[in-house]
Amino acid sequence: MPTPKTGLKQGLALFTLAAILLPIVVIGIMLLTYHERTTLNDINRQNVRMATAIRDDVNTFLEAPLRTVSSVAQFSLDSDAAAHLDGLLVRMVEGSGFYESIMVLDKDGIVRSLGASNDARLNRSDYLGIDLSRADHINQRPTAAAPRLVRHLHFAPHRKADPVTDTPL
Amino acid sequence: MPRPIPRVTIVLMAVLTALVLAACRKNEPVRIGFVGGLTGRSGDLGTAGRDGALLAVDVINASGGINGRRIELIVRDDQSNSEEAKRIAREMVNSHAVAVVGPMTSAMAEAAIPLSNAAKLLMLSPTAASYDFNAKDDYFLHLNLNNDTATATADRLVSGLGIKSCALVYDTANHAYTRSSAEAFKRELAARGGVVTSEQTFNSKDPGSLLELTKTVLARKPGSIFIIAGAVDSAMICQQLKKIGSTVPVFVAEWAGSCAFLKTGGNSVSNVFIFQHFNSDSRSPAFSDFKNSFTRRFGDEPDYAATYSYEAVAIIAEALKKNPDPSQLKQTIIGIGQFKGLQGSIALDRFGDPQRPFSMMQVRNGRFALVE
Numbered sequence: 083m084p085t086p087k088t089g090l091k092q093g094l095a096l097f098t099l100a101a102i103l104l105p106i107v108v109i110g111i112m113l114l115t116y117h118e119r120t121t122l123n124d125i126n127r128q129n130v131r132m133a134t135a136i137r138d139d140v141n142t143f144l145e146a147p148l149r150t151v152s153s154v155a156q157f158s159l160d161s162d163a164a165a166h167l168d169g170l171l172v173r174m175v176e177g178s179g180f181y182e183s184i185m186v187l188d189k190d191g192i193v194r195s196l197g198a199s200n201d202a203r204l205n206r207s208d209y210l211g212i213d214l215s216r217a218d219h220i221n222q223r224p225t226a227a228a229p230r231l232v233r234h235l236h237f238a239p240h241r242k243a244d245p246v247t248d249t250p251l
Numbered sequence: 034m035p036r037p038i039p040r041v042t043i044v045l046m047a048v049l050t051a052l053v054l055a056a057c058r059k060n061e062p063v064r065i066g067f068v069g070g071l072t073g074r075s076g077d078l079g080t081a082g083r084d085g086a087l088l089a090v091d092v093i094n095a096s097g098g099i100n101g102r103r104i105e106l107i108v109r110d111d112q113s114n115s116e117e118a119k120r121i122a123r124e125m126v127n128s129h130a131v132a133v134v135g136p137m138t139s140a141m142a143e144a145a146i147p148l149s150n151a152a153k154l155l156m157l158s159p160t161a162a163s164y165d166f167n168a169k170d171d172y173f174l175h176l177n178l179n180n181d182t183a184t185a186t187a188d189r190l191v192s193g194l195g196i197k198s199c200a201l202v203y204d205t206a207n208h209a210y211t212r213s214s215a216e217a218f219k220r221e222l223a224a225r226g227g228v229v230t231s232e233q234t235f236n237s238k239d240p241g242s243l244l245e246l247t248k249t250v251l252a253r254k255p256g257s258i259f260i261i262a263g264a265v266d267s268a269m270i271c272q273q274l275k276k277i278g279s280t281v282p283v284f285v286a287e288w289a290g291s292c293a294f295l296k297t298g299g300n301s302v303s304n305v306f307i308f309q310h311f312n313s314d315s316r317s318p319a320f321s322d323f324k325n326s327f328t329r330r331f332g333d334e335p336d337y338a339a340t341y342s343y344e345a346v347a348i349i350a351e352a353l354k355k356n357p358d359p360s361q362l363k364q365t366i367i368g369i370g371q372f373k374g375l376q377g378s379i380a381l382d383r384f385g386d387p388q389r390p391f392s393m394m395q396v397r398n399g400r401f402a403l404v405e
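Those protein sequences? They're chains A and B, same order as listed.
Per the numbering used here, residue 83 is the first one in the first sequence, and the count goes up by one each step.
Per the numbering used here, residue 34 is the first one in the second sequence, and the count goes up by one each step.
Some hints here could point you the wrong way.
Calculated pairs, DSBU-like style, for lysine-lysine (alpha carbon to alpha carbon, straight line, at most 35 angstroms) [as the list claims (entries may be wrong)]:
{"no.": "1", "chain 1": "A", "residue 1": "Lys189", "chain 2": "B", "residue 2": "Lys248"}
{"no.": "2", "chain 1": "A", "residue 1": "Lys189", "chain 2": "B", "residue 2": "Lys238"}
{"no.": "3", "chain 1": "B", "residue 1": "Lys355", "chain 2": "B", "residue 2": "Lys153"}
Cβ-to-Cβ under 7 angstroms is the rule here; a few derived chain A residues that face chain B [to be verified]:
{"no.": "4", "residue": "Asn205"}
{"no.": "5", "residue": "Ser207"}
{"no.": "6", "residue": "Asp213"}
{"no.": "7", "residue": "Leu214"}
{"no.": "8", "residue": "Ser215"}
{"no.": "9", "residue": "Ala217"}
Keep in mind the hints are simulated off the structure, nothing from the lab.
Keep in mind that this is a model prediction, so the values were computed, not measured.
We put the beta carbon where it would ideally sit given N, CA and C, even for glycine.
So that you can see chain B by itself, here it is in the shape it has in the complex (with noise of 0.2 angstroms):
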């Protein structure tokens, strides 16, 4: 008759299983993914943001991770496509994703929130701005904000460059961002005795003729220029407002502040105007470090997107360290409240819309200058 096993033993392998169980499951990498429109016309946004999310992957990985634990980097291209955009969030669910990077537009973000939240995954956007993600309890958080650009253009226009006309060109291909944008603009000018003197849209899929939209907006002869869109874009109407001699001021919004805008506009945007929360000559230490290695390892100066979205990854690595349960990280990161960002805190409130201050630049020999 065999001889039965010693409960020892079985206890023993039991111990045993569990804990090779628990290093199968230590070794695990955390997936993080990124969804940003890394083709078209706004995939400046897009690849510069992979760039900063990639690298803040490197850095925590090389400082050993999250507990132990490996960040494994899902970069998709949602094409600036909102069905992409829905399909890539249905993918990040399956795939196990603890959080997302993204969308990089608020189209994009507003195609894929309602994905999000169904399946309580968190996406945290570096750039979306549009107003309508504010003040929301859902799976969407982001770190750009917009409320206050707008505003100050419009301050700083009338109290101080006392100009009291302007002329709105805006995208409606990123129309949640855009749209959301030009209204607050448009009530902030009225409020302050300001007039909007004509408004142009243009699809960025298909602009058609941006030299005639051009025209169209000096022949009522604004007194300045607001356009809303892209960087690709807002260069190319800068490049036609100079073909065409014009010297009335121009103010771009924050989506237009990467690399491709000072690139693609030449010298046809110097002295344009932007409202940023980024200030690329930052002299904070935490930047400068960031700001090198990215330089070195990609060949370009960081933007607000690549800036914004290391700060993203940085921000969900962080909580998943104080709570490595997937399920609270939102209440984690709310919990958490203030973070250290590259170049100051980032603060986010009950709902996760973020509060950072910001600074007017001027472009100056093809460099976003800080004016006050």
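Chain A with its partners taken away, still in its complex shape (with noise of 0.2 angstroms):
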């Protein structure tokens, strides 16, 4: 079988088509490496500007919550208003549609206070009196002579239990 022969004309073929490819490659690959690094820069500088905006948004929606439990801790060390403690925190919850419960602790861990919602379906007498003294959120917090304030920040709308808080739902 005769062996197939390059002539001239194939092989001038095949150079002018590298004369005209290699440019195009060479070119091609150093815009994609510029387009890359242009587009990972825009990425960035959106996500930069995503977070800011949730963090920023996060910290409005939080402020409310926080205000509740500021005003928590105002009466729950005021002695006057202590008798009328439960009460108040049933309302704030109630209120405030952003805790399924709140409970005030006293320097040991007990739960002294309660108030909960009744999505909750948390049974009052059940937590009242227990020990949380080894939940994380506990722990981890400097001891301090004053009555501590325990916030459980239940987001109603994921319906997820914290094992540590032990939320029932």
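Using the supplied hints, reconstruct the complex from the two chains, each of which is provided in its own coordinate frame.
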């Protein structure tokens, strides 16, 4: 079987093709690299803008619950208001729409006052007097002589239980 | 007339295409599912299990994956809901998962097993331990065993503590596990001359007043109490006992043996007994490495659910390295039989039921401490 020969015509065609394609490939790679870099920079800038916006929204969202918590702290320290604290906590939980329950603990981590929403189906008598001293958010707080306030930060739409704080669902 | 394409070129192109296809297949990840209750009152078990599985996947992928293929973990929350567990089992079949780690509770496993059997999809549960799953030649294998701990609890009560009466409290939401455990315990206690003074049940999905339940239990003046429930509910019952001032010895089932039990129970769970196959103070080098990596990554120490989930992923990976055919996975695992666990070897019998040693632990200073 005769071996096919590469003629002058074919050789020229190949060289012409290479002469055309090579610059296109080189310039293409350079453009792609540049494009990739600028796209990544754009994405990074957009991510930072989005993260900043989310942070601001979250801060605004948390302001109201934090005000609620501050009010509870004030009331729990006021001996005259202590008798009405449970009722107040219930109203705050129902009014805020943010908490499923708010518990006031003494310095030993024992639950002394409690307000819970109806949705939480939390049995009051079960929770009053229990020892939450080993729960993470209590354990990690610095020891204080004054009563401490513990928030149950449960986001109602997600309905996720926190086994540490033990909010029943 | 166009020149015909030489045969050599055709053969070369075919070989090249086959190589490209093989390369694509080689790069395709091995999909392993994870199913557990990540939310709700038993969420501690699911989240710990998920974290253990994630860590195992990371470690295996970092060391080259399964014969060069990365593992992709598909995580799903069954919400401790049977219908959701069934839906997820179907989803796992459709997503071509080679195996599933989970479900984490016996009730969910009971719902999913018929589907996994029909699709011949292997389910390897780290924690589900109902007696009903033992000695069955199906596509459900498990790493946790329950028979011996119920016997040991009865034995410890009568022979060890000299107590012959016990009140039984259990959660009907995970009936597949709690019912079989309660039955075994009653049988073993009776065989040793003991008696169950009362049997109280509750449903953790709507538990009602645990304080009232606890008062009812104590009214019969039992010599001891055995609680078969999840970590949060067991801890809450111990809290009620402490509030009432009870000093009756309390045993809890292995299901409760997680960090959530210690954290939710506070000082109320001090001195509570538990028989576990898992030892949080194990000095095994493999477990120490795992414990350090887990604590560094997730902030908490690993419990039995995290440890067994890690082992489950490792077992699946080891079997797939030996035989990459997923349809043979169950036979490959049973064929290997003996696996190196994090705290010692794990032996699986011909039904995929495990044999592993257990110990009696007691809660001391906020930890599960080894008693014997």
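Of all the hints given earlier, name the ones this structure violates by number, lowest first.
none
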